[in-house]
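**Student:** Read off the chains here:
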Amino acid sequence: MAEKDLSADVALAVRKWQKKRGALIMVLHEIQGRLGYVPREIALELSKQMNVPLARIYEVLTFYNFFELEPPAKYVISGCMGTACYLKGTPQIMQEFSRLLGIEVGQTTPDGRFSLTTVRCVGCCGQAPVVLINGEVHSKVSPQDVPHLLAQCKD
Amino acid sequence: MARTTSKTVRAKLNGIEVVVPEGTTILEAAEKVHLKIPTLCKHPDLPPTAACGICIVRVKGTNQMPRACCTPLEEGMEIQTHDPEIVEIRRKVLELILSKHPNECLTCGRNGTCELQSLASDFGIRQQSLPSIVPDLPKDESTRTIVLEPRKCIACGRCLTVCQELQNVWALSFLERGIDTRMAPAGDILLADSPCISCGQCSAHCPTGAIFEYDETEKAWELLRDPDLHCVVQIAPAVRVAIGEAFGYPPGTNLTGKLYAALRYMGFDTVFDTNFGADVTIMEEGTEFVKRFQDNQGELPLITSCCPAWVDFMEKYHSDMIEHFSSTKSPHEIVGVLTKTYYCDRKGLDPSKVRVVSIMPCTAKKYEIQRSDDMFASGYQDVDLSLTTRELARMIKQAGIDFASLPEGECDPMLGLYTGAGTIFGTSGGVLEAAIRTAHKLLTGEEFDSLEFQPARGLEGVKEGRLTILGREVRVAVAHGMGHVEDVLDRVRAAKENGDEPAYHMIEVMACPGGCIGGGGQPYGITDALRLQRAKGLYTDDREREFRRSHENPYVQGLYSTFLGKPLSEKAHRLLHNSYKPKPTYRR
Ligand code: SF4
Ligand code: SF4
Ligand code: SF4
Ligand code: FES
Numbered sequence: 001m002a003e004k005d006l007s008a009d010v011a012l013a014v015r016k017w018q019k020k021r022g023a024l025i026m027v028l029h030e031i032q033g034r035l036g037y038v039p040r041e042i043a044l045e046l047s048k049q050m051n052v053p054l055a056r057i058y059e060v061l062t063f064y065n066f067f068e069l070e071p072p073a074k075y076v077i078s079g080c081m082g083t084a085c086y087l088k089g090t091p092q093i094m095q096e097f098s099r100l101l102g103i104e105v106g107q108t109t110p111d112g113r114f115s116l117t118t119v120r121c122v123g124c125c126g127q128a129p130v131v132l133i134n135g136e137v138h139s140k141v142s143p144q145d146v147p148h149l150l151a152q153c154k155d
Numbered sequence: 156m157a158r159t160t161s162k163t164v165r166a167k168l169n170g171i172e173v174v175v176p177e178g179t180t181i182l183e184a185a186e187k188v189h190l191k192i193p194t195l196c197k198h199p200d201l202p203p204t205a206a207c208g209i210c211i212v213r214v215k216g217t218n219q220m221p222r223a224c225c226t227p228l229e230e231g232m233e234i235q236t237h238d239p240e241i242v243e244i245r246r247k248v249l250e251l252i253l254s255k256h257p258n259e260c261l262t263c264g265r266n267g268t269c270e271l272q273s274l275a276s277d278f279g280i281r282q283q284s285l286p287s288i289v290p291d292l293p294k295d296e297s298t299r300t301i302v303l304e305p306r307k308c309i310a311c312g313r314c315l316t317v318c319q320e321l322q323n324v325w326a327l328s329f330l331e332r333g334i335d336t337r338m339a340p341a342g343d344i345l346l347a348d349s350p351c352i353s354c355g356q357c358s359a360h361c362p363t364g365a366i367f368e369y370d371e372t373e374k375a376w377e378l379l380r381d382p383d384l385h386c387v388v389q390i391a392p393a394v395r396v397a398i399g400e401a402f403g404y405p406p407g408t409n410l411t412g413k414l415y416a417a418l419r420y421m422g423f424d425t426v427f428d429t430n431f432g433a434d435v436t437i438m439e440e441g442t443e444f445v446k447r448f449q450d451n452q453g454e455l456p457l458i459t460s461c462c463p464a465w466v467d468f469m470e471k472y473h474s475d476m477i478e479h480f481s482s483t484k485s486p487h488e489i490v491g492v493l494t495k496t497y498y499c500d501r502k503g504l505d506p507s508k509v510r511v512v513s514i515m516p517c518t519a520k521k522y523e524i525q526r527s528d529d530m531f532a533s534g535y536q537d538v539d540l541s542l543t544t545r546e547l548a549r550m551i552k553q554a555g556i557d558f559a560s561l562p563e564g565e566c567d568p569m570l571g572l573y574t575g576a577g578t579i580f581g582t583s584g585g586v587l588e589a590a591i592r593t594a595h596k597l598l599t600g601e602e603f604d605s606l607e608f609q610p611a612r613g614l615e616g617v618k619e620g621r622l623t624i625l626g627r628e629v630r631v632a633v634a635h636g637m638g639h640v641e642d643v644l645d646r647v648r649a650a651k652e653n654g655d656e657p658a659y660h661m662i663e664v665m666a667c668p669g670g671c672i673g674g675g676g677q678p679y680g681i682t683d684a685l686r687l688q689r690a691k692g693l694y695t696d697d698r699e700r701e702f703r704r705s706h707e708n709p710y711v712q713g714l715y716s717t718f719l720g721k722p723l724s725e726k727a728h729r730l731l732h733n734s735y736k737p738k739p740t741y742r743r
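Heads up: the sequence lines are chains B and C, in that order.
Using the working numbering, the letters of the first sequence correspond one by one to residues 1 to 155.
Using the working numbering, the letters of the second sequence correspond one by one to residues 156 to 743.
Some clues are possibly wrong.
Said to hold, decoys possible - Distance ranges between label pairs, derived from CB positions:
id, chain 1, residue 1, chain 2, residue 2, range
1, B, GLN107, C, THR372, 34 to 42 Å
2, B, VAL76, C, GLU615, 53 to 61 Å
3, B, GLN152, C, ASN258, 46 to 54 Å
4, B, MET26, C, PRO739, 21 to 29 Å
5, B, GLN152, C, PRO739, 44 to 52 Å
Everything labelled a hint here was simulated from the structure, so no lab data went into it.
Cβ coordinates follow ideal geometry from the N, Cα and C atoms, glycine included.
Modelling step: build the complete structure from the supplied sequences, incorporating the hints.
**Tutor:** Here it is as structure tokens:
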């Protein structure tokens with residue numbers, strides 16, 4: 001969905017879903033799926049094309065955790081908050097990430113490179129505590145490993 | 156809520172038998188038998204949001220505890236509205252809300268008028284029993300008309316319903332959900348970047364201090380304290396019949412004389428009346444109408460433009476209507492510009508040393524005074540400061556004036572003496588009615604005998620009427636509350652597209668339901684009953700005036716004969732008219 005033909009792309013998604021129930025949500029899903037977030041310009045364009053107030057679109061976007069309003073960071077770091085990982089120290093690990101990156105969980109660094117999130121149990125409790133970086137599992141992590149993990153996220 | 160059903164239900168509330176139309180809620184039924192169920196999120200103007208839960212009642216013989224505000228009474232129901240357990244649950248609900256609410260009553264603008272505060276008082280809350288978790292959300296003062304303080308929001312949903320449904324503006328919404336739910340401008344931007352039209356209806360309906368007028372009372376005191384300045388004040392029509400509510404008078408009491416006196420007491424050097432400006436507006440707008448109607452110069456219908464929130468709405472959402480808009484300025488702008496030209500000239504005052512403060516029922520007027528270069532037609536800012544009725548009430552109290560015992564005062568007639576036509580500007584339909592009184596004279600040379608034009612009166616969202624002038628049918632419409640304007644405009648557009656006769660010849664639009672008497676800056680507690688009482692106050696004022704038609708105002712006649720020439724003269728155009736331009740709905 002390139003910026004230049006934004007309205008055409010939105011129009012396409014709108015046409016595909018408009019006759020169906022819950023069209024707004026489906027269109028937003030499609031945009032989220034393709035871009036990894038729903039940019040403000042697209043929400044505005046959608047508001048025009050579907051004749052839905054922007055206020056309503058943002059009600060939907062912020063109601064469901066699924067939707068992102070900011071572009072995804074290059075490296076998404078997710079600490080597992082399953083019981084085993086939690087007890088074995090995910091909070092301390094996340095604190096160390098926070099300290100080194102200068103952001104809280106749920107935020108993205110201003111340069112758009114890192115974001116910190118948490119996930120529910122990823123099902124590798126034997127490896128606890130577990131951290132995911134762009135989906136890749138790192139097991140038995142300790143706070144001391146954090147600088148090393150960050151160093152691996154090059155460019 | 157009006158329902159059309161002939162069926163009734165019979166039920167009991169605390170053992171008292173009631174018979175009510177089917178569909179009546181438990182809350183409405185309780186009111187009929189003088190039982191007061193506490194409410195917080197429910198507002199009489201709005202459909203229930205059922206957000207707070209404080210209105211729960213018990214259905215006897217069941218374990219149901221429905222919310223009275225949104226549950227219809229059913230045949231044979233036996234309702235208990237109060238018992239120790241119900242009161243305890245309500246108290247818990249209240250304590251939960253309070254745990255999320257900052258404990259800042261002493262420094263809050265709603266201290267004394269807050270509905271949450273008064274419930275806490277009624278329930279005898281004496282301590283904060285739950286840990287306090289007040290969200291850390293910033294204040295938004297970007298519009299300089301309406302202040303949002305989401306920390307104080309209790310998520311009742313009234314403002315959203317007002318802004319989305321009543322006003323169809325969609326500037327406000329809830330974001331996120333559950334305990335994180337917060338009120339915010341559409342898409343989490345500053346209110347100034349949103350489609351907000353500054354009508355202030357959200358602030359008039361919010362139960363707490365979360366939405367508030369931008370307070371400029373301190374600025375007014377500064378002007379009044381400055382010995383080098385000549386301070387001029389003017390009061391809008393709707394202010395005089397509402398301000399009394401802040402001093403214990405019944406709604407609708409006309410306090411014009413006391414207001415004049417109080418304003419002088421506060422230190423204003425000259426006291427004018429916006430009603431005079433309304434008379435001038437009618438001279439100009441009436442003449443515009445005649446030109447379009449008789450001489451085919453310009454589009455019909457002519458649409459009124461004295462409500463700045465409506466102008467803003469039109470520029471953002473309906474800019475195809477610009478050519479239909481009357482170019483005449485609103486009454487307080489007219490008094491402003493005439494003060495700094497005509498009045499200064501006659502009194503030998505230096506306009507750079509004169510400040511004009513307008514007291515308005517309105518938050519949008521705060522925006523209007525700088526809305527375009529046209530608002531500086533005198534060479535200075537024509538109106539320097541615009542305060543709401545609520546702000547003036549506070550200032551009167553701060554000044555230590557015993558309003559009740561204050562003898563009546565007089566205004567300065569030069570831009571102050573007004574007719575009945577000027578005073579009814581404050582209520583929906585009044586501008587149209589005033590315009591008819593003068594346009595009739597301009598078109599036929601004869602007075603509009605009946606004076607009163609009933610189809611324009613009342614609280615119906617869209618009012619339509621017809622009259623005959625010079626054998627031609629004149630179709631008029633009145634809409635108030637932005638949610639009602641769409642239908643009327645669609646009819647105008649359809650007629651245009653089909654090449655038909657214009658759907659109407661003149662349309663009056665006011666952003667606030669009921670017009671300015673129900674304005675966003677008026678004393679709290681608005682209901683339809685209150686709107687009718689305030690309107691009645693103005694209609695009574697109209698009937699009691701010596702002159703009831705704008706063109707009969709001797710000071711208006713003097714203004715034209717000695718200064719402006721005639722309506723729509725070159726000078727009148729330069730000073731009293733303005734233009735419009737399309738605006739983006741979202742500034743981001
Ligand atoms: S002032 Fe009017 S338009 Fe603006 S947010 Fe409030 S209700 Fe909506
Ligand atoms: S801002 Fe006021 S009216 Fe709006 S939801 Fe919050 S408490 Fe209710
Ligand atoms: S109707 Fe009156 S009070 Fe309401 S926004 Fe318009 S001018 Fe202001
Ligand atoms: S008043 Fe009924 S739920 Fe709030």
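**Student:** Could you run down the list of hints and mark each one as holding or not?
**Tutor:** Structure-based check of each hint:
1. B/GLN107 with C/THR372: 34 to 42 Å: 40 Å, holds
2. B/VAL76 with C/GLU615: 53 to 61 Å: Holds, since B/VAL76 and C/GLU615 (Cβ atoms, about 56 Å apart) stay within the stated range.
3. B/GLN152 with C/ASN258: 46 to 54 Å: 48 Å, holds
4. B/MET26 with C/PRO739: 21 to 29 Å: Once the Cβ atoms are compared, 28 Å apart, the range 21 to 29 Å for C/PRO739 and B/MET26 holds.
5. B/GLN152 with C/PRO739: 44 to 52 Å: Roughly 46 Å apart at Cβ, these two residues keep to the hinted range, so it holds.
Violated hints: none; the structure is consistent with every hint.
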